[in-house]
Structures are given as C-alpha cells and as structure tokens.
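As a plain string of letters, each chain reads:
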Amino acid sequence: MFDVEKIINILKSGGLVVMPSDTVYILAVDATNKLAVEKLLKFKNRWVGKAISVAVCNIDMASLYADINDIEQNIYSSLLPGPFTLISKGKHKVAKGIEAEDGSLGIRIPDNKLIQKVIEKLGKPISATSANLSGRRPHYSVESFLKTLSVTKRNMIDLIVDEGKLVRNKPSTVIDIRESEMKILRRGELIAKNAKSFISKSERETQKIAGLVFKKIEKPIILGLSGDLGTGKTIFSKEIGKLMGVKEKIVSPTFNIYNDYGDFLHMDLYRINNQLEIDEIKFFEIISGKKIVCIEWIENLGKENIDKLKKISNLKIITFNYIDETTREIKL
Amino acid sequence: MKILAIETSCDDTCAAVLENAKIISNVISSQTDLYKEWGGVVPNIAKQAHKERIDLVIDKALRGDLADIDVIAVTQGPGLAVALGVGIDKAKELAKKYSKKLVAVNHIEGHIMSSFFDHEIKFPALCLTASGGHTKLILINKIGDYKIVGETLDDASGEALDKAAKMMGLGYPGGPIIERLAKGGNEKILELPKVLRDNKILDFSFSGIKTSFYYKIKDLPKAEIAQNIKDYAACFQNSVFEQLCRKFKLAIEKYQPKMLLASGGVMCNLELRKRLRNLAKEMNLPINMPYKKELNTDNAAMIGLAAYYKAMRGEFVEDIEKLERDARMKL
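These protein sequence lines are chains A and B, in that order.
Residues in the first sequence are numbered from 1 upward in steps of one, following the working numbering.
Residues in the second sequence are numbered from 1 upward in steps of one, following the working numbering.
In silico lysine-lysine, DSS-like type, Cα no more than 30 Å apart, as pairs:
hint	chain 1	residue 1	chain 2	residue 2
1	A	Lys208	B	Lys200
2	A	Lys201	B	Lys216
3	A	Lys282	B	Lys92
4	A	Lys303	B	Lys51
5	B	Lys330	A	Lys291
6	B	Lys200	A	Lys165
7	B	Lys322	A	Lys290
8	B	Lys147	A	Lys249
9	A	Lys249	B	Lys258
What the simulated footprint calls covered on chain A by chain B, stretch by stretch (three residues with Cβ under 8 Å from a Cβ of chain B suffice, anywhere in the stretch; the number is not a length):
hint	stretch
10	251 to 257
11	278 to 291
Simulated restraints, written as ranges between beta carbons of each label pair:
hint	chain 1	residue 1	chain 2	residue 2	range
12	B	Lys218	A	Ile71	32 to 38 Å
13	B	Lys330	A	Asn305	29 to 35 Å
14	A	Asp324	B	Lys147	38 to 44 Å
15	A	Ser144	B	Lys330	41 to 47 Å
16	B	Lys97	A	Phe284	29 to 35 Å
17	A	Met156	B	Arg328	55 to 61 Å
18	A	Asp162	B	Arg273	53 to 59 Å
No lab work stands behind these hints: they were computed from the structure.
We put the beta carbon where it would ideally sit given N, CA and C, even for glycine.
Produce the entire structure from the sequences given, and follow the hints as far as they go.
Following this line, the structure appears as structure tokens:
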C-alpha cells in the first residue's frame with residue numbers, strides 16, 4: 001500500500017503530489033496553504049481567478065469551507081461521494097486561487113479510499129484538479145502525464161503515487177447548486193438532473209448510478225424498481241448484486257420469478273398478475289432476512305402490498321423512464 | 001429398470017414412466033385433454049396448481065400401481081422454488097411410502113437428455129438448449145460429464161420471444177404465436193442490433209434486441225402494428241435465431257464436437273430447426289433434436305432418462321429426508 005504518512009507529510013510541508021482518484025490522476029496540494037496553491041497554479045500555467053476544485057472527506061468538512069443550506073446538504077448526501085463536483089458559496093477559508101472570482105468553491109468527495117484517508121488525516125481539503133496542464137486532456141496514467149512535462153515542471157512534483165493505468169472514467173460532472181435549479185457546467189461521468197434524478201446514456205452509466213445508490217446503503221433495504229421494458233432495471237440489479245459480492249452470472253429472473261444469492265435477492269414480478277400468485281410465491285417470506293432485495297416490476301405488487309412493504313421494511317422505489325433510444329432517466 | 005419421473009420446475013406439472021431408456025408414458029398437465037378436467041383455468045405459476053394436478057398426472061403416467069416401479073426420479077432444480085417443492089415433496093412421499101430408491105435430477109441435464117431418445121450419441125457432443133428459462137451451450141464429453149461453454153447474460157431466448165409477443169399485444173406463450181406470424185414476413189423491416197459481435201464470446205444476450213424492438217414499435221399506431229405484424233414477428237424471431245446459430249457455430253468451431261444436439265422449448269420452432277439442420281450440414285456433422293414437441297418443452301421423460309443413467313452409476317439420494325429443492329442448481 002501507499003504510505004499515507006509520507007503523502008501527508010509532503011502535503012503539510014507545501015508539496016505537490018500526483019495521485020490517483022476515482023476519475024483521473026489529480027494534482028494535490030493543501031488547499032489552505034498559500035504557497036502550495038501558488039506552486040500548483042504555476043505548475044498548471046493557470047491564472048488566478050479560474051477556480052480549482054477541492055476534495056474533502058465528508059459533508060462536515062465541506063460545510064467548514066462552504067455555506068451549505070439544507071437543500072444543498074441534501075444534494076451533497078445524494079451525489080457524494082461520487083463523480084461530481086458541486087459548486088457552492090465559499091467561506092473564503094482556502095488559499096487564494098482556489099475559489100473563483102465570484103467566491104464560489106467547487107467541492108468533491110472522491111470515491112477513493114486513499115484520498116479520503118489522506119484528507120481525513122490531514123484534516124484539511126486538498127486541491128482536486130486533474131493532472132494536466134491547463135487546456136490539455138486529463139491523464140489516466142502517470143507515464144502519459146509525465147511525457148507532457150518539461151524537466152522544470154517535473155522537478156516541481158514532490159511525490160508521485162503511481163497506481164498504474166486507471167479505468168478510463170470521465171472527469172467529474174461539475175454542477176452549480178447555488179440556485180434552486182441545478183446547472184451543469186461540465187458534463188462528465190454522470191449527469192444528475194437534481195438531487196434525486198439521474199440521466200443514463202448507456203449500460204455503463206446505469207451501472208455507475210447503481211454504484212452510487214449502493215454506496216448509500218447502510219442497512220437492509222428493498223429496492224423497488226419500476227419502469228417500462230428495456231429501461232435498465234435488470235442492468236441496475238445485476239450491478240447491485242455484483243457490488244454485493246455475487247460471483248456468479250446474475251441473469252434475468254423473469255422465468256423463475258426470483259433468484260436467491262444469499263444476502264442478495266433478485267426478483268422480477270413481470271409475470272405476476274394477481275394476489276393469489278403473490279401469496280403462492282410466499283412473497284413476504286422470501287424477501288425477509290436479506291441485506292438487499294431488488295424487485296423489478298414492483299408495481300405489479302399492487303398498492304396494498306407496497307404499503308405493507310413500506311411499513312415492514314426499508315423500501316426505496318426507483319423509477320426508470322425512457323427518454324429516447326439511448327437515454328434513460330433514473331429517479332431515486 | 002422401471003422409472004417414475006416427476007418434473008414441476010415451472011408452469012407444467014409432468015410425470016413419465018420409462019423402462020430403461022425407453023418412454024412408456026409422458027404426461028404433461030398443459031396438454032389440452034387434461035385442461036378440460038380442471039375446467040380450463042390454470043394459473044401460470046401458482047404452486048396450488050401443481051398441487052391440484054400432480055396426483056392426477058402421476059396416475060395418468062403410471063396406468064397402474066407403483067409396485068413395479070424400481071426408481072423414482074424428480075427434478076431438484078433449477079426452477080421456480082415453490083413449484084420445485086411440490087414435485088420434490090411428492091417424490092419423497094412416494095419413495096418413503098413404497099420404499100423406492102430416489103434419484104434427484106438437474107433440469108438442464110434433463111433438457112440435454114431429451115435429444116438422446118432413440119439415437120446413438122457420439123461424444124464429444126455439443127448441445128444448444130434454449131427455452132423460456134435457459135439458453136446454454138453445453139459440451140458433453142460423456143453422459144454425466146458436462147461443461148457449459150456459453151450461456152445467456154440476461155434474458156433467455158424463449159423469454160425474449162414471449163416478451164416480444166406481449167409487446168405486440170399477442171398471447172402467452174409468445175414463441176408459437178411469433179412462429180406462426182413470422183412465416184413469410186419480411187425479416188428486414190426493422191433494423192435490430194447484432195449483439196455480442198466478438199467472436200471469442202460464446203455467451204448470448206437478448207435484452208438489447210428486446211429493448212431495441214420495443215422502442216421501435218412502442219409509439220406506432222395499433223393499426224400499423226397490426227398491418228405489419230407478420231414482418232415485425234419475422235424480424236424479431238430472425239434476430240434471436242441469428243444469434244443462436246451464430247454462437248452455436250462459433251462453439252462448434254472451437255470445440256470440434258462429433259455430434260450436435262439441440263433441445264428446449266424453443267426447438268419446437270420449425271424455422272429454427274431448419275436453420276440448425278442447415279448449420280449441421282454446413283459443418284458436416286449429424287444433429288439430433290427431440291422429435292416431438294412434448295420432448296422439447298418441459299417434460300418428465302427427459303428427467304427419467306437422466307435418472308436412468310444416474311441410477312446405472314449408482315447415484316441415488318442417500319438420505320431422502322434431506323433432499324431439498326435447489327432453485328439455482330448448477331449443472
């Protein structure tokens with residue numbers, strides 16, 4: 001493993017660290033250290049006034065550096081950690097050059113254990129700008145990044161945490177949440193319409209959204225998936241199962257009604273038409289004692305059963321809507 | 001050796017009697033003459049339906065008493081858990097009551113076996129089994145030695161056909177209806193995606209075709225769908241069969257079997273049978289498919305045949321009390 005202490009010591013002394021994140025390689029400095037930030041700006045050839053986003057380890061830390069009201073708090077807990085940068089109103093507690101000229105601050109909580117640990121131990125936000133020179137593409141490997149640098153620039157880097165080639169995730173999606181309507185400033189990995197609604201443009205994005213949902217799960221839950229044929233319910237469920245650690249292939253349970261994978265139960269009520277059949281499959285019995293249950297076509301349960309389910313379990317309904325051939329909206 | 005076999009893994013309540021590898025009787029509850037006895041109303045998946053029918057189905061298959069039966073066979077899985085339970089409970093009850101040996105059979109092995117009746121099989125053989133619940137390519141080195149070399153990543157092929165039929169407002173099961181409509185239809189009227197093009201992948205995927213098809217016809221006026229229904233059916237069916245044959249061919253090239261087998265409910269489709277025969281001819285290999293519908297769809301005769309070979313190998317259930325259904329049983 002990487003030496004967290006070493007990274008922290010370098011950050012504390014104002015050093016510049018290249019390290020992996022959940023999206024691309026980033027350039028990390030202590031965001032509250034004036035000299036370190038100056039060094040970063042110089043490295044990136046970036047003029048002061050064009051903001052640099054920061055990474056924090058949780059919402060509590062975010063609220064020390066930005067004004068976050070209740071509505072914004074909701075958005076934070078729904079989207080982070082995840083591939084988003086949220087633009088909030090800064091409290092001017094970071095070094096000059098981090099906040100934008102209008103006083104806004106871009107905040108991330110990367111979904112990366114190493115970064116979270118570093119920030120937690122450092123106790124301060126770090127810069128989370130992608131490892132590239134201004135105007136250039138981000139990098140997924142240290143090697144390709146270093147190739148673009150002059151010797152002078154290379155000498156400015158104090159530590160490189162090389163994790164090899166990263167999965168080619170897009171950079172984060174940047175969303176301004178200061179107004180009541182969220183504004184997407186840069187389209188990245190995932191698109192969020194608001195705190196509870198995502199746009200998926202591919203199977204992979206639906207999987208990412210499932211990943212985001214999975215990360216928020218803290219206690220046993222039933223995910224009721226509602227939506228038309230071919231909107232991604234099975235893809236979503238498969239990803240949840242995979243994240244639960246199911247090793248075998250998870251296939252459509254339409255024919256068998258449900259597939260039991262131990263802690264994970266994958267159910268599909270597409271073929272269920274009436275109360276008799278719900279009773280016959282012993283619905284309320286088979287869903288009990290599971291950590292996560294995904295139920296496709298939850299609407300086929302009928303209102304009464306859904307109300308009952310709400311009372312006895314932690315039920316979350318997720319709806320899948322068809323927008324066009326390659327676009328789905330997933331509402332939490 | 002006389003075998004009574006019971007199969008209740010899904011919708012159909014089935015029982016059969018075999019004398020060694022030969023079928024004496026093969027009764028399936030969804031046959032029309034049996035429907036009448038229950039007044040026609042048969043819920044699709046209810047356990048109660050299996051419970052109501054199982055005794056009658058077994059009686060019909062036995063045509064006598066259980067005394068001269070040597071072995072009782074039952075499907076242990078995979079399938080719908082509650083449905084499996086009915087067959088297993090009945091098999092356990094009879095085995096105990098009449099002190100018979102019990103053999104537990106994997107439903108998929110049954111489907112493989114359904115193409116074995118009245119034929120000499122050359123090994124290694126490669127079997128495509130496609131039904132409402134399964135779509136698999138299985139390499140058979142010898143009876144009892146199976147390797148799954150490809151399978152669906154999402155929907156089964158029969159399930160995809162059923163769902164497409166439902167989208168067009170047709171009945172269930174949709175496979176036979178689509179087959180009827182597809183005859184003479186224009187397969188090229190819609191452009192459906194050709195999925196899993198990678199020649200190294202022997203797995204199947206049908207949910208992408210299903211989704212593409214659905215959203216192509218979803219907003220069309222009903223009259224237009226009705227007018228072109230033959231073409232739509234042909235188009236969807238072609239897309240499913242194209243993939244089945246394409247992946248089957250890849251597997252043949254990779255594993256070089258001496259014989260091809262095909263089974264499962266989808267093999268009732270004459271167009272698919274024709275395509276598979278052509279494929280076999282092209283590959284210069286013999287092909288075996290169950291010769292009648294009742295051996296393609298879920299049935300107990302295939303379970304009986306698998307049990308016959310298991311019994312010959314001495315693979316009986318040791319502790320009858322402990323036999324439990326296994327809804328996701330592996331082959």
